[in-house]
Amino acid sequence: MKILLNLIKYIIVILLTFCIIGLLIINIASSTILKKQYVLNKLEETNYYEEIQKLIQDGFENYIGPSGLDESVIVDIVSLEKIKEDTNTIVSNMYDGTNTELNTETLRTNLRNNIDEYLNHRKLTTSENESIEKFIDMIEEEYIINILHTNYENDIYKVINKGNNFAENVNLVLILVTVASILLILIFNVKQIAQAIANFGVAFTASGLFYIVIKIYIGIKINVQNLSVLSPAFSQAMISVVQNVLNSILTYSIILFILGVVCICIGNSIIIKNEMKKRSKKKEY
Amino acid sequence: MTKIFKATIIDIIVAFLITIITIGGIYLSLGQEIENTVQLINLVAIKKESKGITEPIKIDTEKKLLDKYPAYGTKYATIEIPKINKTLPVYVGDSLDVLKNGVGHSTSSYFPGEGGSIVYMGHNTKDQFHDFSELEIGDKIKVTTDYGEFNYTIYDMQVIKETEFDKIPIQREEEKLMIYTCYPFTALGHTIYRYVVYANLDI
Numbered sequence: 001m002k003i004l005l006n007l008i009k010y011i012i013v014i015l016l017t018f019c020i021i022g023l024l025i026i027n028i029a030s031s032t033i034l035k036k037q038y039v040l041n042k043l044e045e046t047n048y049y050e051e052i053q054k055l056i057q058d059g060f061e062n063y064i065g066p067s068g069l070d071e072s073v074i075v076d077i078v079s080l081e082k083i084k085e086d087t088n089t090i091v092s093n094m095y096d097g098t099n100t101e102l103n104t105e106t107l108r109t110n111l112r113n114n115i116d117e118y119l120n121h122r123k124l125t126t127s128e129n130e131s132i133e134k135f136i137d138m139i140e141e142e143y144i145i146n147i148l149h150t151n152y153e154n155d156i157y158k159v160i161n162k163g164n165n166f167a168e169n170v171n172l173v174l175i176l177v178t179v180a181s182i183l184l185i186l187i188f189n190v191k192q193i194a195q196a197i198a199n200f201g202v203a204f205t206a207s208g209l210f211y212i213v214i215k216i217y218i219g220i221k222i223n224v225q226n227l228s229v230l231s232p233a234f235s236q237a238m239i240s241v242v243q244n245v246l247n248s249i250l251t252y253s254i255i256l257f258i259l260g261v262v263c264i265c266i267g268n269s270i271i272i273k274n275e276m277k278k279r280s281k282k283k284e285y
Numbered sequence: 001m002t003k004i005f006k007a008t009i010i011d012i013i014v015a016f017l018i019t020i021i022t023i024g025g026i027y028l029s030l031g032q033e034i035e036n037t038v039q040l041i042n043l044v045a046i047k048k049e050s051k052g053i054t055e056p057i058k059i060d061t062e063k064k065l066l067d068k069y070p071a072y073g074t075k076y077a078t079i080e081i082p083k084i085n086k087t088l089p090v091y092v093g094d095s096l097d098v099l100k101n102g103v104g105h106s107t108s109s110y111f112p113g114e115g116g117s118i119v120y121m122g123h124n125t126k127d128q129f130h131d132f133s134e135l136e137i138g139d140k141i142k143v144t145t146d147y148g149e150f151n152y153t154i155y156d157m158q159v160i161k162e163t164e165f166d167k168i169p170i171q172r173e174e175e176k177l178m179i180y181t182c183y184p185f186t187a188l189g190h191t192i193y194r195y196v197v198y199a200n201l202d203i
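Chains Z and A, in that order, are what the protein sequence lines are.
Here the first sequence is numbered in this note's numbering, starting from 1 and rising by one per residue.
Here the second sequence is numbered in this note's numbering, starting from 1 and rising by one per residue.
This is chain Z alone, in the form it adopts within the complex (with noise of 0.2 Å):
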C-alpha cells in the first residue's frame, strides 16, 4: 500500500514537471515569437529598417545601370518612415490578419519628378513615356519585394494566430492540471508539508534540468549566430529573436533549478530534524 502511495505520488511529481515544463515555453512564445510589439522592438533594436533601406537602395541601383538615366533619380525616392511604415503593416497583416496594401503612390511620384528634372522637363516621345513607366513599374516592384520579401502573409498569419489559440488554451489547462497536482501533493504529504517541499523540489529540478539540457542541445546542432532568413537585415533580427528566446530559456531554467534544490535542502532538513525530534521523545519516555 505505501509502494502504491509512494508511486502514485511520484507519478504526479512528473505531471507536474511536463506541466512546468509546458507553462515556461508556452508563456515565453507568447511573450516573444508570438507577440507582435515584440517583434517591431526587435526589428527597431536591430537597426532593420536602416538596414532595410540600404537593401532597397543597392536594388535600385541595378536598375540604373540599363536605364540609361543617372543615379540621382532614385535617391531620396522613399524615406526612412515610409519604409517603417510599410514595414510595420506587413507585420500587422501577419500577426492581426488585416490585408493592409502598400501605397506606393509617393515612391512613383518622387521617382517621376526626379526623372523629369534629370531630363530638364523635356518632352518626351510616346516609346519613351512608355520606357521610363515600365522603369518606374520596376523600381516599384523592387521596393515591394524587399520590404515585403514573402508572398505569404496570410499563411503566416493563420500559423500565428494558431499559435496564439493554442497557446491560449493549453496554457489554460497546464495551469488546471498545475493547481490539481500542487493540491494533490499537499493532500498526499498533509500530515508532512515538508515531504510536499521537497516534492516540489523535485518537479522544479526536472523541469529547470530538462531546458538546460534542450538549451545545450541547441547550442550543439544549430550555429545561431550563423542564420540567414530572407535578407542580412531580417536575418539580424531573426538572430536576436531566438538568443533572446534562448537565454530566457537558460535564465528561467537556472532559477528552476536552484529554487528546486533549494527546496529539497529545506524539506529534507525539516523532515529529518522531526523525525529526530520524535526519536529523542521516545527515548525520553
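Note that these hints are calculated values from the structure, not bench results.
Remember, predicted model here, so these are calculated numbers, not experimental data.
Warning: the hint list may mix true and false statements.
To be verified - Pairwise CB distance ranges (calculated):
#, chain 1, residue 1, chain 2, residue 2, range
1, Z, 220, A, 62, 46 to 52 Å
2, Z, 171, A, 68, 50 to 56 Å
3, Z, 41, A, 162, 41 to 47 Å
4, A, 16, Z, 228, 35 to 41 Å
5, A, 17, Z, 216, 39 to 45 Å
6, A, 140, Z, 133, 55 to 61 Å
7, Z, 159, A, 140, 57 to 63 Å
8, A, 133, Z, 159, 53 to 59 Å
9, Z, 158, A, 165, 38 to 44 Å
Backbone N, C-alpha and C define an ideal beta-carbon position, used for all residues, glycine too.
Position chain A against the provided structure of chain Z, taking the given hints into account.
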C-alpha cells in the same frame, strides 16, 4: 547532517531520472522528426563558411568538359574586346547584382572550351558595352579563364526582342560566343530590345 545530505542527493537523483525519462520519451516518439527539422534548418537557414582558396579548374580538352564549375556570383574570366578598348571581368550568373560588378555568364549556357553556346550579357553603360555599335564583322574577342585562353571572331550582330530566346540558341555542336546588351544604347528607362554580337571560336 549526513542524513539530510543523503536525502537531498536521492531527491536530486530522482529529478535527474525524471528528466532522463522525459527526454527519452520525447526522443523515442519524435526523435526522427527533431533530427529532420534540425538538418533542414542547417541546410536551408544556416550560412556556410566559405572554404577560401579552391583548387584551380581543369579542362579535359578531349571531352571538352570542366572538372568542376565556379560558384554563382564568382569571377572566373576576363573578356577583352580590343576594338572598343574594353577589358572586363566575367562573373558566373546573370542577376542584376552580378551585372553591377561586370559581365554576367548565363548559367544555362556552356563555358569557354566546352564546345557549345556561351552566353554573356552586360549593361549598355559607358564602362561596359555602350560602344557595341562600333563592332564589325571580323573583330576579335579574347576570353581568358583560370583554365585557358579562348579567342573568338565576330561573324554577326543582330537586334532582337528580350523574349526572342530562339535568337540565342543553346547547343553543343560548336563553340559560339554570344554577348548581348540593352538596345538602343541611349534608351531611357526600360527597353525591350537587345543588341547581340555573335562570335565563333578561332581554331
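Evaluation of the provided hints:
no.	hint	in the structure
1	220(Z) x 62(A): 46 to 52 Å	48 Å, holds
2	171(Z) x 68(A): 50 to 56 Å	54 Å, holds
3	41(Z) x 162(A): 41 to 47 Å	45 Å, holds
4	16(A) x 228(Z): 35 to 41 Å	37 Å, holds
5	17(A) x 216(Z): 39 to 45 Å	18 Å, violated
6	140(A) x 133(Z): 55 to 61 Å	40 Å, violated
7	159(Z) x 140(A): 57 to 63 Å	59 Å, holds
8	133(A) x 159(Z): 53 to 59 Å	55 Å, holds
9	158(Z) x 165(A): 38 to 44 Å	39 Å, holds
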